[in-house]
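Asker: One line per chain: the protein sequences are A and B, in this order. Using the working numbering, the first residue of the first sequence is number 9, and each one after it goes up by one. Using the working numbering, the first residue of the second sequence is number 5, and each one after it goes up by one.
Treat the hints as calculated values from the structure; they're not laboratory data. Each hint should be verified, as a subset may be incorrect.
[Said to hold, decoys possible] Here are the in silico distance ranges between beta carbons for each label pair:
| id | chain 1 | residue 1 | chain 2 | residue 2 | range |
| --- | --- | --- | --- | --- | --- |
| 1 | B | 359 | A | 31 | 17 to 23 Å |
| 2 | A | 19 | B | 44 | 34 to 40 Å |
| 3 | A | 73 | B | 150 | 24 to 30 Å |
| 4 | B | 359 | A | 35 | 42 to 48 Å |
| 5 | A | 143 | B | 268 | 34 to 40 Å |
| 6 | A | 61 | B | 159 | 45 to 51 Å |
| 7 | A | 39 | B | 16 | 31 to 37 Å |
Beta carbons are placed, not taken as given, at the ideal position from N, Cα and C, and that holds for glycine.
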Amino acid sequence: MKRPRTRWFVTGAVVIVVLLVLIPVGRWERNRHAHHELAGIRRVLAEIGPLDQPSLDAYRVGVAPGMDCLLYERGTNPFALELCFDGSGRVIEAIDRRGSSPHISSIREDPGASNIRVDREKALALIARLQQTAK
Amino acid sequence: MSESRRTTLDRAAAATLFLTVVAASAGSSVEPGVVAFAKPGRWALLVVLGAVALVRALAFCSEWRLRPWVAATLSAYCALTIVSAAWSIHPRLTLERGLTVSLGVVVAATLAGSASLSPVTARRFVDALLAAVSAVAAAGFILWLVDASSAVQSASVEYPARFQGFEQNPNTGSMLLAVGMPLAFDRVITARTASARAGFAALLFVFVAEISASGSRGALAAGFLALLLVAVAWPGSRSRRAGLALAVVAVLAVASWTMTIPHALTATSAAPQALPTVSPSRPIDAEKVIPLAGEIGGPWWTHTSGTLHRTLVSSSTRLRAWRGGIAQGLGRPIAGYGFGTGESAFANRYYGFHSDLPENSYIGVFLQVGLVGLALFLASVAVCLVPGLRACFRGGGEPERRLPATIGGATAALLLGMSQSYFHAAGSIAFMALWVTLLLSSVAGMQRPA
Numbered sequence: 009m010k011r012p013r014t015r016w017f018v019t020g021a022v023v024i025v026v027l028l029v030l031i032p033v034g035r036w037e038r039n040r041h042a043h044h045e046l047a048g049i050r051r052v053l054a055e056i057g058p059l060d061q062p063s064l065d066a067y068r069v070g071v072a073p074g075m076d077c078l079l080y081e082r083g084t085n086p087f088a089l090e091l092c093f094d095g096s097g098r099v100i101e102a103i104d105r106r107g108s109s110p111h112i113s114s115i116r117e118d119p120g121a122s123n124i125r126v127d128r129e130k131a132l133a134l135i136a137r138l139q140q141t142a143k
Numbered sequence: 005m006s007e008s009r010r011t012t013l014d015r016a017a018a019a020t021l022f023l024t025v026v027a028a029s030a031g032s033s034v035e036p037g038v039v040a041f042a043k044p045g046r047w048a049l050l051v052v053l054g055a056v057a058l059v060r061a062l063a064f065c066s067e068w069r070l071r072p073w074v075a076a077t078l079s080a081y082c083a084l085t086i087v088s089a090a091w092s093i094h095p096r097l098t099l100e101r102g103l104t105v106s107l108g109v110v111v112a113a114t115l116a117g118s119a120s121l122s123p124v125t126a127r128r129f130v131d132a133l134l135a136a137v138s139a140v141a142a143a144g145f146i147l148w149l150v151d152a153s154s155a156v157q158s159a160s161v162e163y164p165a166r167f168q169g170f171e172q173n174p175n176t177g178s179m180l181l182a183v184g185m186p187l188a189f190d191r192v193i194t195a196r197t198a199s200a201r202a203g204f205a206a207l208l209f210v211f212v213a214e215i216s217a218s219g220s221r222g223a224l225a226a227g228f229l230a231l232l233l234v235a236v237a238w239p240g241s242r243s244r245r246a247g248l249a250l251a252v253v254a255v256l257a258v259a260s261w262t263m264t265i266p267h268a269l270t271a272t273s274a275a276p277q278a279l280p281t282v283s284p285s286r287p288i289d290a291e292k293v294i295p296l297a298g299e300i301g302g303p304w305w306t307h308t309s310g311t312l313h314r315t316l317v318s319s320s321t322r323l324r325a326w327r328g329g330i331a332q333g334l335g336r337p338i339a340g341y342g343f344g345t346g347e348s349a350f351a352n353r354y355y356g357f358h359s360d361l362p363e364n365s366y367i368g369v370f371l372q373v374g375l376v377g378l379a380l381f382l383a384s385v386a387v388c389l390v391p392g393l394r395a396c397f398r399g400g401g402e403p404e405r406r407l408p409a410t411i412g413g414a415t416a417a418l419l420l421g422m423s424q425s426y427f428h429a430a431g432s433i434a435f436m437a438l439w440v441t442l443l444l445s446s447v448a449g450m451q452r453p454a
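Please model the complete structure; the sequences and the hints are all you need to start from.
Answerer: Quick look at the structure:
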C-alpha cells in the first residue's frame with residue numbers, strides 16, 4: 009500500500025523540481041535570445057552608420073503600436089537596411105535585405121530587453137523630412 | 005433516491021456545460037451586442053460549471069475516478085502554464101491565461117471523473133456538447149436567413165464568399181461543427197429508431213454543409229477524419245464498418261468538391277510588380293511597397309504579381325507562417341516565451357497570411373512553453389486517448405458504446421489544432437469540447453472496485 013503512495017509522492021516531487029529548474033532555464037533562454045537578437049541589430053546599425061545620411065530613402069510610421077522605422081538604400085536596393093524603434097527610442101528590430109531573403113533581428117516581442125537606443129526626436133524629425141519630400 | 009439525485013446533478017452539469025460552450029461561441033459572435041454580453045458571461049459560466057461539477061463529484065465521491073497518470077501529466081502541464089509567468093514576455097497575461105486554461109482543464113477533469121463509472125453520465129455530457137454544437141449551427145443558419153450579409157464573409161480576390169454563421173470568422177464556427185460531426189455520426193449509427201436516425205443524419209448534414217460553405221479546409225479534414233475513426237471504432241461487424249468508412253469517404257469527396265464551387269474575385273491587375281525606382285528626391289513609404297506584415301513570400305521578394313490562387317489543397321501561405329513560428333520558437337526552444345503570449349511572440353511577416361497567431365496549436369504550444377511544454381501537452385493527450393482507444397478496440401459492450409463519439413470528438417479537436425491556434429485560450433469555442441471529450445476518453449474502461 010505504501011509503495012504506490014511513495015511512487016506518486018516522488019513523481020510529484022520530481023515534477024515540482026523540474027518546474028523550479030525551468031525558471032532559471034527560461035530566464036537564461038530569454039537573456040540569450042535577447043543577446044543574440046541585439047547582436048544582429050547592432051550589426052545592422054553598424055552597417056547603416058549615422059542615421060542621417062544620403063542613403064536614407066524610406067520610412068514606416070506606426071506599423072506596430074508605437075513602432076517607426078528608417079530604411080536605407082544600398083546599391084539598387086532601396087530597402088536594403090532597416091531599423092525600427094519604439095516610442096521610447098529603443099531599437100527593437102533591424103532587417104538586412106541585401107541577400108536573397110530578409111535577415112531579421114527582432115526583439116519586438118520583448119522591447120524592454122533592448123538596450124540599444126536612438127535619439128527618437130531626431131529619428132522622428134528624419135521621418136517628417138522624408139514625408140515632406142515625398143509629397 | 006440516489007439515482008434521481010444523480011440524474012438531477014448530471015442534468016444540471018450537462019445543462020451548464022451546454023451553456024458554457026454556447027457562451028464561448030457567443031463570445032466570438034459577429035453580433036457586437038452578443039459579444040459584449042457573452043465575453044464576461046463565458047467566464048462566469050465556466051466557474052458555475054466548475055461548481056456544479058464539484059457538487060456532482062462530491063455527491064458521489066466514492067464513484068469519482070481519474071487515472072493517476074492523467075492527473076499527474078495534466079497537473080504538470082497546468083502548473084507549467086502558470087509557472088511560465090516567471091520567464092514570460094508578458095507575465096500578467098501568462099498568469100491569466102495559465103489560470104483560466106487550468107480552470108478549464110480541472111473542470112473537465114471533475115466532470116469526467118464523475119462519469120468514470122457511469123456511462124449514462126458520460127453520454128449526458130457528450131449529448132450536452134452535441135446540443136451546444138447544434139445550437140451554434142442553428143444560430144448561424146437563422147442569422148443567414150435573417151441577415152445574410154452578417155452571416156457570410158464577402159468574396160475578395162483571395163477568398164470566395166464564405167459562410168461564417170454566428171461567428172466573426174468562417175473558421176471559428178467550423179471548429180465547433182467539426183467536433184460535433186463525430187458526436188452526431190455516432191448518434192446516427194447507434195439510434196434505435198428510424199426517425200431518430202433520420203434526425204441525427206439531418207443534423208450531421210447541416211454540420212457538413214455549414215463547414216463546406218465556410219470553406220474551412222482544416223475543419224472539414226478534422227471532422228471527416230474523426231468520422232472515419234468513429235466508423236472504424238464502432239463495435240459492429242467488419243463489413244458494416246468498412247461500409248461506413250466508404251460512405252464517409254464518399255461524402256468527404258462531395259463536400260470537398262462543394263467547397264471548390266465558389267470562386268474568389270478576379271484580380272484586376274496581374275502585372276508583375278517592378279522594383280520601385282530609387283529617386284533621392286522621392287522617399288518611399290516602405291509600408292506601401294513592402295509591408296512588414298506580408299514581407300516574406302511577398303511580391304517584392306518573389307517578383308510576381310502577388311495574386312494568390314487558393315485551392316482545396318494549397319498550403320504554401322500557412323506553411324510559411326508555420327516555418328516562421330517554429331523558427332521563432334527555436335529562439336527560446338526549451339521553455340518558450342511564456343504561456344498565452346503567442347500573439348506577441350509570433351510576428352506575422354507572411355504574405356497572404358491573416359492572423360496574429362501561427363494557426364497551429366502545436367506550434368503555438370511550442371512557441372509559448374517550449375519543447376518541455378509541448379512534450380507535457382502531448383503526454384497529457386496520449387494518456388487521455390490511450391485508455392479510450394484501448395477500450396474501444398477491445399470492445400467494451402454496451403457501457404462503452406459512447407466511446408467512438410468521445411474519441412471521435414477528441415480526435416477532431418486535436419486535428420483542428422493543426423490548422424487553428426486555440427489550445428492556449430480557455431474562452432475559445434472548441435476548448436471545453438477538446439478537454440471534455442479527451443478526459444471522458446481517459447476514464448474509459450475503469451472498473452468498480454470488487
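Asker: Each of the hints needs a verdict: does it hold here or not?
Answerer: Quick rundown of the hints versus the structure:
1. Against the hinted window of 17 to 23 Å, the Cβ-Cβ separation of residue 359 of chain B and residue 31 of chain A comes to about 31 Å, which falls outside the hint.
2. For residue 19 of chain A and residue 44 of chain B, the hinted distance range of 34 to 40 Å is satisfied, since their beta carbons lie about 38 Å from each other.
3. With their beta carbons about 37 Å apart, residue 73 of chain A and residue 150 of chain B fall outside the hinted range of 24 to 30 Å.
4. Between residue 359 of chain B and residue 35 of chain A the C-beta distance comes to about 29 Å, which lies outside the given range of 42 to 48 Å.
5. In this structure the supplied range 34 to 40 Å holds for residue 143 of chain A paired with residue 268 of chain B, their Cβ-Cβ distance being about 35 Å.
6. Roughly 46 Å separates the CB atoms of residue 61 of chain A and residue 159 of chain B, a value that falls within the hinted 45 to 51 Å.
7. Checked against the given bound of 31 to 37 Å, the beta carbons of residue 39 of chain A and residue 16 of chain B, roughly 50 Å apart, lie outside it.
Figure legend: structure checked against the earlier numbered hints; hints not met, in rising order: 1, 3, 4 and 7.
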